[in-house]
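*Asks:* Sequence:
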Amino acid sequence: MATRFAVSPLIVTKLALRVLSGGRQAGVWRAWADRAREPYGRLLAERPGLGAMVALFRDRRYNADFVAPPPARVGTPFEAELATVRATSAAQAHREIARNLDGMPRPPAAVLDVLSSPDVVTLFADALQALWEEIVAPAWPRFHAILERDVIQRAGRLATYGWAAALADLSPRVRWHPDGVIEVRAESPDETRRLGGRGLLFVPSPFPSGVGSYLEDAWPYAISYPARGAGIPHEVPDGLAGLIGRTRARVLLELAVPATTSHLVALLGLGLGTVGGHLGALRRAGLVARCRTGRAVLYHRTALGDALVSPSVPPP
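Numbered according to the working numbering, the sequence shown spans residues 914 to 1229.
Be careful, since some hints might not be right.
Ranges of calculated distance between the beta carbons of each label pair, as one might list FRET restraints [stated by the list, open to error]:
| no. | residue 1 | residue 2 | range |
| --- | --- | --- | --- |
| 1 | Ala985 | Glu1096 | 21 to 29 Å |
| 2 | Glu1096 | Glu959 | 42 to 50 Å |
| 3 | Thr1206 | Ser1002 | 55 to 63 Å |
| 4 | Pro1085 | Ala1011 | 28 to 36 Å |
| 5 | Glu959 | Ile1145 | 31 to 39 Å |
| 6 | Thr1160 | Glu1047 | 24 to 32 Å |
| 7 | Arg986 | Ala1220 | 37 to 45 Å |
| 8 | Thr1206 | Pro1091 | 22 to 30 Å |
| 9 | Ile1145 | Tyr1074 | 20 to 28 Å |
| 10 | Arg1111 | Arg1159 | 42 to 50 Å |
| 11 | Ser1223 | Asp1015 | 41 to 49 Å |
| 12 | Arg986 | Val1094 | 18 to 26 Å |
| 13 | Arg999 | Pro1021 | 22 to 30 Å |
| 14 | Ala985 | Ala1072 | 18 to 26 Å |
It should be emphasised that the hints constitute simulated quantities derived from the structure, not laboratory data. Even for Gly, the Cβ is constructed at its ideal location relative to N, Cα and C.
Start from the sequences, fold in the hints, and give me the full structure.
*Replies:* Spelled out as C-alpha cells, the structure:
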C-alpha cells in the first residue's frame, strides 16, 4: 500500500502562518511567535500575497490547496515544493480561491485585488518564500527534529505492530480498521473519500493543535497532524532542575518521545559531545534507556525517569 509518512517544509510554513496570524494557538512556541512578530508584520506590509493567504484561512471548511500541496515524495525540499506552487495555473488558483471564498464574508478590496490578479500564484509563492527564509528556516532544525523523531518512532511501531499501532494516537479523526482500511473522518460528509488503492500521506506538524486534510483528486491524499512531542514544554520545573541540573532535566523532558542523539542536539541547541555526556549520566542513573529502530538508536525514558518527571506516577 502507498500509505506512508512524509515531512513537508512547505506545509509547516503554511501552518506557521496560521499561528503567526492568530488563527492557531502558539502553545509552547509562544516565545518563537513573539520573536517573529516584528519580521512578520514587516512581511505583511511588503508582501501583499501574505495577507491575502491569511484572509483565506478558515476552520473545518475547504481551504485552497495550491498554496501548500502535499509533497509528491518523502524528503522533498522546500524549494521543490515551492516550484510545484509556482507551476500552478492562474485558472486553477482562481477556481480554488472561489471555492475557498464561498460562504465567507467579502474580503477587503485590497485583498480581492490580489485574489483576482492574474499574478496571484506568483504573489502567493513569493510571500511563502519570504516567510520561509526569514522566519521558518531559522527554526527549521528544531522543527525538523520534532517531525523526524515522530516519523521514526511511528515507523518503528508500524514495522513491529502494524498500522493500527502506528496510527493509534495520531488523531481521533483517523482510525485503522482490521480489514486494512484507513478511515479518515473529513470536515463534512461531502468530503468523504475512498482511497481506492492510491494510499494516504501522513504529514506531521510541529504545532500542537489542528488536523488538516488534503482529499482533493488533484493532489496526493494527505493528513497533517500534530507530531508526538509537539507540545512538550520548553520550561524546566525548578525542582527538577535543582535535583539533576537544568540541562539534564531538559533532556529528560524531551524524551517524553523517544529521540536520537542528533534529534536532541537540534532540539536543545547543544553539541553532540555535551548531549552524549548527559545521556550517559541519565542512563547510569537508570532514568533513560536506548533501543534500535531500523538504523536509528532511540533514547527513551524508563519508568523511573517518567516517575521523576511526573511525581504523581508511582515508580515500579
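*Asks:* Next step is simple, just say for each hint if it's right about the structure.
*Replies:* So, going through the hints one by one against the coordinates:
no.	hint	in the structure
1	Ala985 with Glu1096: 21 to 29 Å	holds, 24 Å
2	Glu1096 with Glu959: 42 to 50 Å	holds, 44 Å
3	Thr1206 with Ser1002: 55 to 63 Å	violated, 42 Å
4	Pro1085 with Ala1011: 28 to 36 Å	holds, 32 Å
5	Glu959 with Ile1145: 31 to 39 Å	holds, 34 Å
6	Thr1160 with Glu1047: 24 to 32 Å	holds, 30 Å
7	Arg986 with Ala1220: 37 to 45 Å	holds, 42 Å
8	Thr1206 with Pro1091: 22 to 30 Å	holds, 25 Å
9	Ile1145 with Tyr1074: 20 to 28 Å	holds, 24 Å
10	Arg1111 with Arg1159: 42 to 50 Å	holds, 48 Å
11	Ser1223 with Asp1015: 41 to 49 Å	holds, 47 Å
12	Arg986 with Val1094: 18 to 26 Å	holds, 24 Å
13	Arg999 with Pro1021: 22 to 30 Å	holds, 26 Å
14	Ala985 with Ala1072: 18 to 26 Å	holds, 24 Å
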